[in-house]
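Chains as they are written, first to last, in this note's numbering: chain A, 1 to 222; chain B, 1 to 450.
Check the hints yourself; a few may be wrong.
[Said to hold, decoys possible] If you want the ones that stay clear, here's a sample from chain B, every Cβ over 12 Å from chain A, calculated: (1) I104; (2) S144; (3) N220; (4) R245; (5) Y360; (6) R403; (7) D407.
[What the hints assert, rightly or not] Stretch-level coverage of chain A by chain B, calculated; a stretch enters the list once three of its residues show a Cβ under 8 Å from a Cβ in chain B: (8) 103–117; (9) 141–147.
Hints were generated in silico from the structure; no laboratory data involved.
For clarity, every value in this text was computed on a predicted model and none was experimentally measured.
Just so you know, even glycine gets a beta-carbon here, dropped at the ideal spot from N, CA and C.
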Amino acid sequence: MRLLLVEDDQMIGASLVRGLRDDGYVVDWVKDGAAGLTAIQDAATPYAIAVLDWNLPRKDGLSVLKSARGAGNTVPVLMITARDELADRVSGLDSGADDYLVKPFELAELKARLRSLLRRRDGRVSSMLIHGSIVLDPVTHTVKLHDAAVAVTPREFALLRVLMERPGAVLSRAQIEEHLYGWDTEVQSNAIEFTIHSLRRKFGNAVIENVRGVGWRIGLVS
Amino acid sequence: MKSLRRGLTTWLCVAVAGVGALCVAVGNWQAHRETQSQLDYQMEQVARILAAQDFSARQPQASVDEPDILPRVNITHDNEDDLIVVVREAGGQVVYASKSNRHIPGGMLPAEAQLGFHIRDFGTGPFRVFNAQSNVLSIEVAMSMDVISEVEGGVALATLLPILLLLPVLALVIGLVIRRHLAPLDAAATALAQRPAASFEDLPVENLPAEVRPLVEEINRLMRRLEATVLREKQFVTDAAHALRTPLTALQLQVDVLDGGQDAQDKAARLAELRTGLRRIIRMSEQLLSLARNESAAGPIAEKSDLRRSLDEVSQLYADAARAGEVRVQVESEAPVFVPGNSRQLGLILGNLVENAIRYSPAGRPVSIRSSVAGGRARIEVWDEGVGLPPSELERVFERFYRVPGDTSNGTGLGLSTVDTIVRQLGGSVWLENRTDTSGLVAIVTLPAV
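Isolated chain A, as found in the complex (with noise of 0.2 Å):
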């Protein structure tokens, strides 16, 4: 899951990057508004959700909402600001984004605001993601086979997930490593087939099908 973060405090930027990659999201995170314009724009793969704060050198935060929905851009914003003032929080939410935190916020929170925001996108009403026996929930960073517990690693979490939150859909290797990885990580050439490899070994070789040529799609396990 890659999430863009605008933000220009370098104390609150590192600790929502270490937080949000501690749950298995991929942060990318720019400091001001101008890059994180240009971020959002020209994402190869859009981002699955854009934290933006309101308050940023060089294009405001809601300045660069503006541009965005107004290029089409549909990826999911929440803004955060120390505005609380009634207006500004319709402004902003007017202005296209889809939700809004006011600081001081907690992180629970924000990572809550989050799911609740990937399950609006996806029409989903709960965060649980099943596919058949498979249970993913990414509240508790919990899998369940035939409802037992199986142990995963972040990284076979973040695919495993990528995969049942997009099922029938073929991911090619690109897409895969886009949401898995962030601008800053060196990713090794065969990374990804590590990864299916071991989860093939946990969950049976048919939780992840392989389309010769063109990716890879969530499987049925029985």
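Got chain A; can you put chain B on it based on the hints?
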């Protein structure tokens, strides 16, 4: 408490009463004099008329008790009954006596040698007597002093009654007039008492008397100054609360991610970040406090300090940095220079500027502090070799809580604002200039040398 209304009413009533008493005294005296001369004139007239009468044909009166044997003397006056008239022949024989002579037991005694007006007592109290003598007749006209007093009393009463009746009316009118004229004051006080504490609206001055108007206008001016102060304080609190949100959010998040972390190194890094966050908010609260303290400081600057001592203190504070070549203090004048302000204020000015310079200087590049005196002003310059500032930001950075966009240092946006506040109070000025010799900024403070 002194009451205008009570004072005015009391003293005006005392004055009215005093004037009233004076009126009574003068009136009494006047009535006495008037009545006296009136009655004297009457008595004289009666005597004159009697003197003109011919009493020769009359039988000498046998007794004082039978005055009616005499023909009626044609005299009319208001006090016919009160006037006692006795006419005697040269021999002492009474030829005429008024009926009223009977009021005196045994009748009026013959006049003695006394002529004209005099007081005599016939045993029933004092009488005022007029005695006129011709060759043949001795005429005495008398009136009881009691009667005279009575008449005087009547006259005095007639004169004084209107005044006495008017006095209470006058007092009442005075009271009403005072009340009426002081009513706008009462109204102003009521209006003032009823307004909510947060209201700084002007008190109305339209209906106020000219004497009170300046006072109320002054109160209104004071209110406006107070309002400005309160608004400034309110803005400060709002700004402060707002400015605290970012460091507080950082703290919250730094705490939230503490239990995460893959290895010991990661955990240590998270703890270190939390410490930095705490330091930032502590520094911010200190700066807020110092700004608030300096903004509320008012009044003349009594203290003065030796600028060189303050510079020494600052260079001691940054001794480590100085050893590393990061701070250089150059004092051009050897003589002591005294500037207004105490060591705390000067320490805040210099400390904030030097700290800024160090913060924005590339590591290892020197920050130099120079001081000089010229034209009665001390000049302190803090030079850094940072990136300088866009010209549009040179003044804005003095605004409270203002941060240059994109500034990722841990500044609070309060340091320069504090410096500006203090320098102004000390009668100096502070500004920033971009260096022309190399990239970097110069902060310049001038203070009056005292």
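Hint check:
no. : hint    : verdict
1   : I104    : 112 Å, holds
2   : S144    : 103 Å, holds
3   : N220    : 32 Å, holds
4   : R245    : 4 Å, violated
5   : Y360    : 15 Å, holds
6   : R403    : 9 Å, violated
7   : D407    : 8 Å, violated
8   : 103–117 : holds (count 6)
9   : 141–147 : violated (count 0)
Going through the hint list in order, the structure does not satisfy hints 4, 6, 7, 9.
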